[in-house]
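Asks: If you read the sequences in order, they're chains D and A. FYI, in the numbering used here the residues of the first sequence are 1 to 297. FYI, in the numbering used here the residues of the second sequence are 1001 to 1228.
Misleading hints may appear alongside valid ones.
[What the hints assert, rightly or not] Below are the DSSO-like pairs computed for lysine-lysine, each with C-alpha atoms no more than 30 Å apart in a straight line:
hint	chain 1	residue 1	chain 2	residue 2
1	A	1116	A	1128
2	D	140	D	75
3	D	18	A	1128
4	D	130	D	75
5	A	1089	D	18
6	D	295	A	1089
7	A	1089	A	1027
8	A	1027	A	1046
9	A	1089	A	1116
10	D	18	A	1027
11	A	1046	D	295
12	D	104	D	75
13	A	1128	A	1089
14	D	97	D	75
15	D	75	D	103
Just so you know, the hints here were simulated from the structure itself, not pulled from any lab data.
Here are the chains, one letter per residue:
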Amino acid sequence: MRPAHVLFIARRVARNLKDFLGSHLLASATVATALFIFGGFLLLQQNLYGLLKSWGNQAAILAYLDDDLSAAEVKALFSEVRSFPEVDSVRYISREKAWEEFKKSLGQQGGLLEGLERDVLPASLEISVKPEYRADGALKALAARLERAPGIGEVEYPAEWVERLNGFFAVLRWAQWSVGAVLFGAALVIARNTARLAILARRDEIEILKLVGATGALVKAPFVLEGMIQGTLGALLALAVLALLFVAAGGELAAALGSFLPADELRFLDVEKVGLLLAIGWALGAGGSFFAARKFV
Amino acid sequence: MVHLFHVSKRYPPDHYALADISLRVEKGEFVFLSGPSGAGKTTLLKLLFGAERATSGQVIVNGRNVTRLNPRGIARLRQRLGLVFQDFKSLSHLTVLENVALAAEVAGVPRRESLKRAFRLLLELGLKDKHQLTPAALSGGEQQRMAIARALVNEPVLVLADEPTGNLDDELAGQTLRLFLNVHRRGATVIIATHDAGLLRRFPQRVVALQHGRLVGDSRPGVEEFAF
């Protein structure tokens, strides 16, 4: 292909985009719809994962102490736990303190506790874990070690929830990629049919180009390039709508989630996911046009 | 320039558009392909520019065996040919100038040079003032001149025209034929398919006659007709 041919193709693409703007926008909107749904899944997954991480990071382990421990035994246990390499800090919560904190957390409904003994709640150690030991496996191992320690009855840690949520995320990821694959297939068929309609609408042009000696590549290349532009434009459109919705609804969502997810933890799609959506849009447009051009030109 | 050896074209199930045609057209000749509708004129031209493939026989054009060319080879061959059709085959969204320049651009000629060549031809063919219009704004005769300009823009070795005067009145048909004669005088080989007997009388040239897909006559001015 000569340089003049490259410029010829570029001019045809520019002209066709202008002359057939309506059908190009329709094709872009089709791609945008599919990518909006897929991008929505990505956004949901990313932020739920952020939420999970945020909970995991609040990695305090509560170790409830046996009722019959003497003050000396509590002190020894406190020192022993504090010496664990995973442990950042330890706070002792006596029965009285636990009672007060619980009552405080009930607020105006504190009257519910009337008639109950003040020592009804067990004393506990609130153990903060160093960040490097907050991975799911490490937390679990530490909790197991604490449970085996004499004087400790029961151990609770948020990673239990993290593990359960991890299972949920596995399902969500599976659903995301399944829906993504179906959407990709459907969008590819639609993109191919849209390109086919564009090719049929321009069959006179194709016939004349062939009659004056255009090679197959010279005739097909503009259609494929136009498809690439349509697909990329569709992806940008989907990202723009997602961003607008994110900005509009993000604040309210954070308020609704309250302390579960601080507002600054809500994040729009990261660079890799934006790149992924753009690449999928590009591939949809290019693939649809390529298959249509190969068959109908 | 053109050599056909026992060429047949059969369409399923068993219709022969051309049957056992052998024909030779030398470089620089001007030839009318004549015959009534359905005689096989258009099919023969299509075999020459590779729009159809012969069922049997060999078709040699400008030294290339068209029956064996791949699509790329056919595209290259067409860049050396000038094709003119009864329905002009113009692109309605391009200007007259761009329509003419299109063939040069497809052949790899830079845009600026293509437009220059196109403009020179439009000047010669009397369409200088119409070069910025779209084809729809031209009369039938003007559109055919535009199509001829496009056919000539790559200085073709062979011009093939299928009923180029079919949509024109007698006067315009005469003017159009004179354009083809000018092209011929410049050295191009010209083959024109027509069923217009009046045109053949007004412009005496070699006439190859077809009927029901068979070659039934080949005559030259001043030479007694040889009937098959």
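Asks: Does each hint hold? Answer for all of them.
Replies: We went through each hint and held it up to the structure:
1. A:1116 to A:1128: Roughly 12 Å separates the two Cα atoms, so the pair holds.
2. D:140 to D:75: holds, 24 Å
3. D:18 to A:1128: holds, 27 Å
4. D:130 to D:75: holds, 21 Å
5. A:1089 to D:18: Given that 30 Å is the threshold and the Cα spacing comes to 22 Å, the pair holds.
6. D:295 to A:1089: Given pair residue 295 of chain D, residue 1089 of chain A holds - Cα atoms ~23 Å apart, limit 30 Å.
7. A:1089 to A:1027: holds, 27 Å
8. A:1027 to A:1046: holds, 19 Å
9. A:1089 to A:1116: holds, 21 Å
10. D:18 to A:1027: violated, 44 Å
11. A:1046 to D:295: Satisfied, since the Cα-Cα distance of roughly 22 Å is no more than 30 Å.
12. D:104 to D:75: holds, 26 Å
13. A:1128 to A:1089: Roughly 20 Å separates the two Cα atoms, so the pair holds.
14. D:97 to D:75: Given pair residue 97 of chain D, residue 75 of chain D holds - Cα atoms ~16 Å apart, limit 30 Å.
15. D:75 to D:103: Answer holds: residue 75 of chain D to residue 103 of chain D is near 26 Å, not above 30 Å.
In this structure, the one hint that does not hold is number 10.
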